[in-house]
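Engineer: Spelled out, the chains give:
Number of protein chains: 2
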Amino acid sequence: MGPAARLKISLREAQYLMAESIRIKADTVRAFLAEMFRRFGVSERDAWTAADVLVRADLRGVESHGVNNLWQYTDFLRSGEVNPHPSIRVAEESPITAVVDGDFGMGLVTGVRAMELCIAKAKEHGVAVVSVRRSKHFGMASYYALMCLPHDMIGVSLTNNSTVGVVPTFGKQPMMSTNPISIVVPAGKEPPFELDMATSVVAMSKVGLALAKGDRIPFGWALDEDGRPTDDPQKAWDDRRFLPLGGTRELGGHKGYGLAVAVDILTGVLAGGMYGDRVQRRPPEDKRMRRSSSHFFAALRIDCFRPVDEFKADMDDMLRALKESEKAPGQERIYTAGEIEHETEQERQTNGIPYHPYFVEQLQKLAGEFGIPFSIR
Amino acid sequence: MGPAARLKISLREAQYLMAESIRIKADTVRAFLAEMFRRFGVSERDAWTAADVLVRADLRGVESHGVNNLWQYTDFLRSGEVNPHPSIRVAEESPITAVVDGDFGMGLVTGVRAMELCIAKAKEHGVAVVSVRRSKHFGMASYYALMCLPHDMIGVSLTNNSTVGVVPTFGKQPMMSTNPISIVVPAGKEPPFELDMATSVVAMSKVGLALAKGDRIPFGWALDEDGRPTDDPQKAWDDRRFLPLGGTRELGGHKGYGLAVAVDILTGVLAGGMYGDRVQRRPPEDKRMRRSSSHFFAALRIDCFRPVDEFKADMDDMLRALKESEKAPGQERIYTAGEIEHETEQERQTNGIPYHPYFVEQLQKLAGEFGIPFSIR
Numbered sequence: 020m021g022p023a024a025r026l027k028i029s030l031r032e033a034q035y036l037m038a039e040s041i042r043i044k045a046d047t048v049r050a051f052l053a054e055m056f057r058r059f060g061v062s063e064r065d066a067w068t069a070a071d072v073l074v075r076a077d078l079r080g081v082e083s084h085g086v087n088n089l090w091q092y093t094d095f096l097r098s099g100e101v102n103p104h105p106s107i108r109v110a111e112e113s114p115i116t117a118v119v120d121g122d123f124g125m126g127l128v129t130g131v132r133a134m135e136l137c138i139a140k141a142k143e144h145g146v147a148v149v150s151v152r153r154s155k156h157f158g159m160a161s162y163y164a165l166m167c168l169p170h171d172m173i174g175v176s177l178t179n180n181s182t183v184g185v186v187p188t189f190g191k192q193p194m195m196s197t198n199p200i201s202i203v204v205p206a207g208k209e210p211p212f213e214l215d216m217a218t219s220v221v222a223m224s225k226v227g228l229a230l231a232k233g234d235r236i237p238f239g240w241a242l243d244e245d246g247r248p249t250d251d252p253q254k255a256w257d258d259r260r261f262l263p264l265g266g267t268r269e270l271g272g273h274k275g276y277g278l279a280v281a282v283d284i285l286t287g288v289l290a291g292g293m294y295g296d297r298v299q300r301r302p303p304e305d306k307r308m309r310r311s312s313s314h315f316f317a318a319l320r321i322d323c324f325r326p327v328d329e330f331k332a333d334m335d336d337m338l339r340a341l342k343e344s345e346k347a348p349g350q351e352r353i354y355t356a357g358e359i360e361h362e363t364e365q366e367r368q369t370n371g372i373p374y375h376p377y378f379v380e381q382l383q384k385l386a387g388e389f390g391i392p393f394s395i396r
Numbered sequence: 020m021g022p023a024a025r026l027k028i029s030l031r032e033a034q035y036l037m038a039e040s041i042r043i044k045a046d047t048v049r050a051f052l053a054e055m056f057r058r059f060g061v062s063e064r065d066a067w068t069a070a071d072v073l074v075r076a077d078l079r080g081v082e083s084h085g086v087n088n089l090w091q092y093t094d095f096l097r098s099g100e101v102n103p104h105p106s107i108r109v110a111e112e113s114p115i116t117a118v119v120d121g122d123f124g125m126g127l128v129t130g131v132r133a134m135e136l137c138i139a140k141a142k143e144h145g146v147a148v149v150s151v152r153r154s155k156h157f158g159m160a161s162y163y164a165l166m167c168l169p170h171d172m173i174g175v176s177l178t179n180n181s182t183v184g185v186v187p188t189f190g191k192q193p194m195m196s197t198n199p200i201s202i203v204v205p206a207g208k209e210p211p212f213e214l215d216m217a218t219s220v221v222a223m224s225k226v227g228l229a230l231a232k233g234d235r236i237p238f239g240w241a242l243d244e245d246g247r248p249t250d251d252p253q254k255a256w257d258d259r260r261f262l263p264l265g266g267t268r269e270l271g272g273h274k275g276y277g278l279a280v281a282v283d284i285l286t287g288v289l290a291g292g293m294y295g296d297r298v299q300r301r302p303p304e305d306k307r308m309r310r311s312s313s314h315f316f317a318a319l320r321i322d323c324f325r326p327v328d329e330f331k332a333d334m335d336d337m338l339r340a341l342k343e344s345e346k347a348p349g350q351e352r353i354y355t356a357g358e359i360e361h362e363t364e365q366e367r368q369t370n371g372i373p374y375h376p377y378f379v380e381q382l383q384k385l386a387g388e389f390g391i392p393f394s395i396r
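These protein sequence lines map, in sequence, to chains D and W. So in this note's numbering, the last spot in the first sequence is 396, and the numbers never skip. So in this note's numbering, the last spot in the second sequence is 396, and the numbers never skip.
Hints are supplied without guarantee of correctness; some may be wrong.
One copy or two, either will do: identical chains are not told apart, so a pair holds if it fits within one copy or between any two.
Calculated pairs, BS3-like style, for lysine-lysine (alpha carbon to alpha carbon, straight line, at most 27 Å) [unchecked claim]: (1) K346 to K225; (2) K254 to K208; (3) K225 to K254; (4) K331 to K342; (5) K142 to K208; (6) K306 to K331; (7) K142 to K346; (8) K384 to K44; (9) K254 to K346; (10) K342 to K254; (11) K142 to K44; (12) K346 to K331; (13) K342 to K208; (14) K331 to K225; (15) K208 to K346; (16) K232 to K254; (17) K142 to K331; (18) K331 to K208.
Just so you know, these hints were derived from the structure itself, not from any lab.
Generate the whole structure from the sequences, applying the supplied hints.
Structural biologist: Written as structure tokens, this is what we have:
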């Protein structure tokens, strides 16, 4: 990424901090994005799917994986790096497993199709695992795991990415992407358990924010080019040597490193896609493979193990106990995984998604360029 | 745990640091343990199984889960808290899932039986998930996942425990046990990938070691009784308020917290066993349930996804690349998960397991008490 792109991001984030946001209804943004994707040759159905994945990230307050990233998708559709009308096909299949070949379509679409297949198989047999190769960036990992909720299933969603930025313990060379893990579990009256975490200490977007605000970053997030811990967000941003969850060896960084590799295995290695720094060592002939992703989806029907209502009652009991447990000094609330995102989604569903005026201006410019109606009221 | 037990541990660990160890062949220890368990009414087959799980931990250098813990098992067998001849039964079953009721037998035995069932189901159908309730401490989590290796399967093993010692992010009350995750994956010429990690920053044994050595512990491992970070190993040991992997919120502790809860869900909640602090809030009538465990096992056949030899070649390529990547300043080697344990096992298989003379003396006393021959040569 060149200095201009870097400047653009930190400018945008600085702007965010200074101006009042504009609320836009999710439906409005979704319809605009869908029409946008259609103009790139994406089918009606796929365009709506992709739009929904991006908008849902914004609804949940996960802006780092939302409409903010629209340009990543449109630029790649434009350049041919992403295939607008892929032949997504099942390359290997058994009653409870499948390998899906994404044909370099948008990961946002391939991810949804693959998880739909996984859920259908789990519905019939109880458990299913679907792995995906030759896919692209699939956005917010939890979107796919969340799809299992209405079916009273536990959902798992993992992805890797051939853009490396995380170093192994005792190393200084970026060897893994941030390889996120999402596990979503239904509850009864409580919000579901919705874990969605990078296996690095922080997501890159947090470093961008520190950069924009002029803050130092805590030691333990990233290394400089010599492999020493740094508190300089610019160095962290430029060098991309993030530490795995846990940070240093002393604080358990080897565990985050292990988890990151486990995700690489279950996605890239299992699906026959890219993994680790392989693209850097041996660039594939097919350029689209150079910036590719593999995914892993699993769905597990709760009623194979115990009655769903009993399971949900225990979930409620456990989640409530966690929230009601004693607080550390200065803390007023204990959260369960995804609780903030869940509440944010409910609020934004009603009141609209807050966007920065500068960002809205960019969207309107894009709309004008393509002649797509985009009224923000 | 009373002050006496605490003292015993730190004394023992202090001793370890001061004396030359005695090497004993794994077979010798295994035969002794098996005979020991037999004397408590455990069947021949189960006694050998339990002995093997404990000895393998020592072979792999995971002493915290090895023969060191023998007294935990023998004391519980003596007091009736552990059932020497349980009716381990399948309570729920489908072709690819099962819920096993451990009938409060040793977790070491129930774990192996449950994973055997899981492997048999996966062999037939490709993927299987088996959950276990009413079990007891099952020792080293990776033992069970390692069972998948000869079958060219990926193995997953999780457990919880009703003894809580880990606090949620922003909390100070222990609400979870150390809830470990083990994921084991076969490779070709490289040692397998063998992840086995507590979802807390550190295992309690590390605090015991710091205590014995008179060291401070790093801030970020544990809280004191007021919920403030402490570097005092005595306070950490007494209060048992360990932080989840990641430590503070700033360094990603909410992710370790999320993983710990995910393990509690997939073990205790899914199996219909205990979870979180439920035993503390509502002590079950059956006393054996008060110190119980639930487990989760999964097995996944690699050849459902791609040819095993291709998968293993990619595993080798990835693991080698990690090990050969650039080292951080002052580091000479990068490890992959389980590599140290794998090498330790090979060395100790040949040369015997090093035990402290004081510990050997304890074993010999126990042998004498039961009239079991135990020659260490």
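Engineer: Each of the hints needs a verdict: does it hold here or not?
Structural biologist: Hint by hint, here is what the structure shows:
Taking the closest pair of Cα atoms, K346 and K225 come within 27 Å of each other both inside a single copy (26 Å) and across two copies (26 Å). Taking CA atoms no more than 27 Å apart as the test, K254 paired with K208 passes in neither setting, with 45 Å inside one copy and 38 Å between copies. For the homomeric pair K225 and K254, the shortest alpha-carbon distance inside one copy (14 Å) is at most 27 Å, but the shortest distance between copies (34 Å) is not. Only within a single protomer do K331 and K342 lie at most 27 Å apart by alpha-carbon distance; the minimum there is 16 Å, versus 44 Å between protomers.
Taking the closest pair of Cα atoms, K142 and K208 come within 27 Å of each other only inside a single copy of the chain (23 Å); across copies the shortest separation is 38 Å, beyond that limit. Only between protomers do K306 and K331 lie at most 27 Å apart by alpha-carbon distance; the minimum there is 25 Å, versus 47 Å within a single protomer. With identical chains, the CA atoms of K142 and K346 are never at most 27 Å apart, being 40 Å at best within one copy and 47 Å at best between copies. Proximity of K384 and K44 under a CA criterion of 27 Å is satisfied intra-copy only: 18 Å inside one chain copy versus 75 Å between copies.
In this homomeric assembly, K254 and K346 come within 27 Å of each other (Cα to Cα) only across copies, at 18 Å, whereas the closest approach inside a single copy is 36 Å. Taking the closest pair of Cα atoms, K342 and K254 come within 27 Å of each other only across two copies (25 Å); inside a single copy the shortest separation is 38 Å, beyond that limit. Proximity of K142 and K44 under a CA criterion of 27 Å is satisfied in neither setting, with 34 Å inside one chain copy and 50 Å between copies. In this assembly of identical chains, the alpha carbons of K346 and K331 lie at most 27 Å apart only when taken from the same copy (25 Å versus 47 Å across copies).
Taking the shortest Cα distances, K342 and K208 sit within 27 Å of each other inside one copy (14 Å), while across copies they are farther apart (47 Å). Taking identical chains as interchangeable, the C-alpha atoms of K331 and K225 are never at most 27 Å apart, the minima being 34 Å within one chain and 36 Å between chains. With identical chains, the CA atoms of K208 and K346 are at most 27 Å apart within one copy only, with a shortest distance of 23 Å there and 49 Å across copies. Taking the shortest Cα distances, K232 and K254 sit within 27 Å of each other inside one copy (15 Å), while across copies they are farther apart (38 Å).
Only within a single protomer do K142 and K331 lie at most 27 Å apart by alpha-carbon distance; the minimum there is 18 Å, versus 31 Å between protomers. Only within a single protomer do K331 and K208 lie at most 27 Å apart by alpha-carbon distance; the minimum there is 8 Å, versus 45 Å between protomers.
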